[in-house]
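Peer 1: Listed below are the residues making up each chain.
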Amino acid sequence: MKFRTKSIHVGNQRDPQTGAVVPPIHVASTFVQPGAGEWGEFDYSRSGNPTRKNFETTIAALEGGSGALAFASGMAATHCATMLFSTGDHIVAGTDIYGGTYRLLHKISNRSGIETTLAAANDLDALEKAITPNTKMLWIESPGNPLMSITDIKACAAIAKKHGILLGVDSTFATPVLTRPLELGADIVMHSATKYLGGHSDSLGGALVVKDQELFDRLYFIQNATGAVMAPLDSFLASRGLKTLAIRVKEQSKTAMYLAEKLAADSRITRVLYPGLSTHPGHDIAKQQMDSGFGAMLSFEVAGGFEKAKKMAESTKFFQLAVSLGAVESLIEQPASMSHASYDREDRLAHGIQDELIRISVGLEDAEDLWADLDQALSQ
Amino acid sequence: MASKKITNATHGISTVAVQAGEAHQKPGHSITDPIFCASTFTFSDTDAIIRFIEEKEEREEYGRYGNPGEKVAERKLAALEGSEDAILYSSGMAAMVGLVMTKLNAGDEVVFFDECYHRSREFCAKHMSRFGVITRQVKACDYDAMEAAINDKTKLLISESPTNPHLSIIDLDRFAAIGKKHGVETLIDATLATPYNLKPINHGVDYVLHSATKYLAGHNDLLAGVIAGSTEQLEPVRKLRGIMGAVNSAHNIYLLLRGLKTFSLRMQQHNKSGLAVAQFLETHPRVEKVYYPGLESHKYYDVAQKTMSGFGGLITFLVKDADWRATANIVDAVTIPRIAPSLGGVESLIEQPLVMSYYECSPEDRARFGIQDNMIRLAVGIEDTDDLIEDLKQALEA
Numbered sequence: 001m002k003f004r005t006k007s008i009h010v011g012n013q014r015d016p017q018t019g020a021v022v023p024p025i026h027v028a029s030t031f032v033q034p035g036a037g038e039w040g041e042f043d044y045s046r047s048g049n050p051t052r053k054n055f056e057t058t059i060a061a062l063e064g065g066s067g068a069l070a071f072a073s074g075m076a077a078t079h080c081a082t083m084l085f086s087t088g089d090h091i092v093a094g095t096d097i098y099g100g101t102y103r104l105l106h107k108i109s110n111r112s113g114i115e116t117t118l119a120a121a122n123d124l125d126a127l128e129k130a131i132t133p134n135t136k137m138l139w140i141e142s143p144g145n146p147l148m149s150i151t152d153i154k155a156c157a158a159i160a161k162k163h164g165i166l167l168g169v170d171s172t173f174a175t176p177v178l179t180r181p182l183e184l185g186a187d188i189v190m191h192s193a194t195k196y197l198g199g200h201s202d203s204l205g206g207a208l209v210v211k212d213q214e215l216f217d218r219l220y221f222i223q224n225a226t227g228a229v230m231a232p233l234d235s236f237l238a239s240r241g242l243k244t245l246a247i248r249v250k251e252q253s254k255t256a257m258y259l260a261e262k263l264a265a266d267s268r269i270t271r272v273l274y275p276g277l278s279t280h281p282g283h284d285i286a287k288q289q290m291d292s293g294f295g296a297m298l299s300f301e302v303a304g305g306f307e308k309a310k311k312m313a314e315s316t317k318f319f320q321l322a323v324s325l326g327a328v329e330s331l332i333e334q335p336a337s338m339s340h341a342s343y344d345r346e347d348r349l350a351h352g353i354q355d356e357l358i359r360i361s362v363g364l365e366d367a368e369d370l371w372a373d374l375d376q377a378l379s380q
Numbered sequence: 001m002a003s004k005k006i007t008n009a010t011h012g013i014s015t016v017a018v019q020a021g022e023a024h025q026k027p028g029h030s031i032t033d034p035i036f037c038a039s040t041f042t043f044s045d046t047d048a049i050i051r052f053i054e055e056k057e058e059r060e061e062y063g064r065y066g067n068p069g070e071k072v073a074e075r076k077l078a079a080l081e082g083s084e085d086a087i088l089y090s091s092g093m094a095a096m097v098g099l100v101m102t103k104l105n106a107g108d109e110v111v112f113f114d115e116c117y118h119r120s121r122e123f124c125a126k127h128m129s130r131f132g133v134i135t136r137q138v139k140a141c142d143y144d145a146m147e148a149a150i151n152d153k154t155k156l157l158i159s160e161s162p163t164n165p166h167l168s169i170i171d172l173d174r175f176a177a178i179g180k181k182h183g184v185e186t187l188i189d190a191t192l193a194t195p196y197n198l199k200p201i202n203h204g205v206d207y208v209l210h211s212a213t214k215y216l217a218g219h220n221d222l223l224a225g226v227i228a229g230s231t232e233q234l235e236p237v238r239k240l241r242g243i244m245g246a247v248n249s250a251h252n253i254y255l256l257l258r259g260l261k262t263f264s265l266r267m268q269q270h271n272k273s274g275l276a277v278a279q280f281l282e283t284h285p286r287v288e289k290v291y292y293p294g295l296e297s298h299k300y301y302d303v304a305q306k307t308m309s310g311f312g313g314l315i316t317f318l319v320k321d322a323d324w325r326a327t328a329n330i331v332d333a334v335t336i337p338r339i340a341p342s343l344g345g346v347e348s349l350i351e352q353p354l355v356m357s358y359y360e361c362s363p364e365d366r367a368r369f370g371i372q373d374n375m376i377r378l379a380v381g382i383e384d385t386d387d388l389i390e391d392l393k394q395a396l397e398a
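Here the protein sequences come in this chain order: Y and L.
Our numbering applies: residue 1 is where the first sequence begins, and numbers increase by one.
Our numbering applies: residue 1 is where the second sequence begins, and numbers increase by one.
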């Protein structure tokens, strides 16, 4: 069964009682048991819920995993992964990880005595050097945010294997349509399901997918004990989103490539960061580990500095000014004033996030309408 | 809620599907429209009610008359259709009933092409007849017969295009011209075509009806119906809906809006897979005949080429030298399409019309409706095209 067929049919078996082509939404908090001390498949919705299970089954199949767990948000999923560790353990993460993950590792996990070292994920030597005897996990993101940095997942898996540690990959930007980290040797794939998986800017969710049963059992134990599970209605919307995931991501990637080429040829733009362009530092690796497209996120620097970029971001009509990404509606943001505004300017510049950087999340609108919109906004 | 119009006629259909009908800045600054579960809408004081009545202020009053989410969906549907207005209903049949109950009074007449959805014809023939409305039916695509059936009592001409399950294509220019010539309004049920593939309004048709349950919503998870047309002609239709009450629910409307976001994308895939599957079936030795407007062998191929930009996912075919049971065996042998009525969703569906819709019909009636024992209707979804073809191949060769 191929990807698109799986996304529609795996985990969405017809309802045996009614024949409903779409499985019913089970909003129950608890389930009636066959007898005292006898347990059915589901007992209490924190421990498991049929609607959540359907979504988990589909995403596990799409990632090529053996099991998946769905969470209330992407951060809840990442948090569950970090709860695998104990005082004295150590995590190595890429310098380009999501700000929320950075905050979790440096301000929450550290309280439990779990330390984190950041290293440039595109520098494999630096990454390996950061590993200590206490290191338990390598955590990377590809493409990274907001520079679309590409990390070689296969090479990272080799390093993790050599040191006997886990490799976790936040694959939110790539989605299983483009990259399947488990097939490249990763142990855990994490998604903010809020983004492409759900795909319609209308629910929050997260997921962890693994292939090893023992690791799944440990993560499930934590999820059940801590309780940050995905709600039934959101699980239904996430499953519904998965049915169009492949056609959405391919179309959005195609449009992103078109816009990247237009922007790269435009004199009002000083630099375009898109892994599909041969000028992007991660292009060669992206070609190897991404199928059918390079994703729908891209960043660019506007000639004229902070004010010019701010004006541009405020002047688009179809690109709406908001953080988040991955949905049918196109979004635009200025990292310096929005997603990365909490950084000190010097720190931000050191990370390569210039004042004039603009990040766009390409939606499903017509490519030419989107280009016309960027074009007019650049002239404001 | 005032909305700044953010799309126009020059924008591509994907842009219209994602953004049309929505306010650029929404309540609570949400990127998506909120679901308003309210049954009623409050007034700040007595003067506000008087303003609403006297100045016809644009606002909601009571859920049966309208809902903010419904307005967004109606604007988006009208933008897709290229019409001034659109009215949403709880199902496609509710939309049909809403229109005929508005337009037809005792003594009036309606003429149908006989391949139109049988429940629509039945409603007029069996129920409107109780109110003294006369229903005439003429053979589909027989324009002379339709014109001959018109008299000075005729108020409405109704057809479907493409028709179901024979996928006959109406020449909408001719159909609309007959109506105009005789001063009779025309209605096309374009559920199978969708506004992605066909815009009846551009051919001069007065009303376009859709079971939005199908391609428009697209996920086999809600019921909805819509009628599009001019604001003036739809005004009494909207009023009657407010009285009869077949409105959709706020939750359903949200799912419909969400479905519409991927409408253009899904239709591209339905069109592509539909054609590929039809071509595969046509060359298979166990298949006697394929009804699909995108095939050159189709009776109405030329009209379809002229009026449609794609042909959707519905395919009807006849199995060579098969009785009804041998045909049923093929339906039972497929593994990806589910056996169910309906069409237009992401999941492929399959059915044998003889069994699913005409089981209790006499063989004579079935022959009259063109429903053959060896007929299968397949609604191609958006699964991988090769998977679908492989599955059909194994079922045909089992």
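Among the hints, a few may not be true.
[Stated by the list, open to error] Among chain L residues calculated to face chain Y with C-beta under 7 Å, some are:
hint, residue
1, Asn8
2, His11
3, Gly12
4, Ser14
5, Thr32
6, Asp85
7, Leu223
8, Val331
9, Thr335
10, Arg338
11, Arg366
12, Asp384
Calculated from the structure, these hints are not laboratory results.
Cβ coordinates follow ideal geometry from the N, Cα and C atoms, glycine included.
Peer 1: Can you give the numbers of the hints that this structure goes against, from lowest to highest?
Peer 2: Hints 1, 6, 7, 8, 9 and 11 not satisfied by this model.
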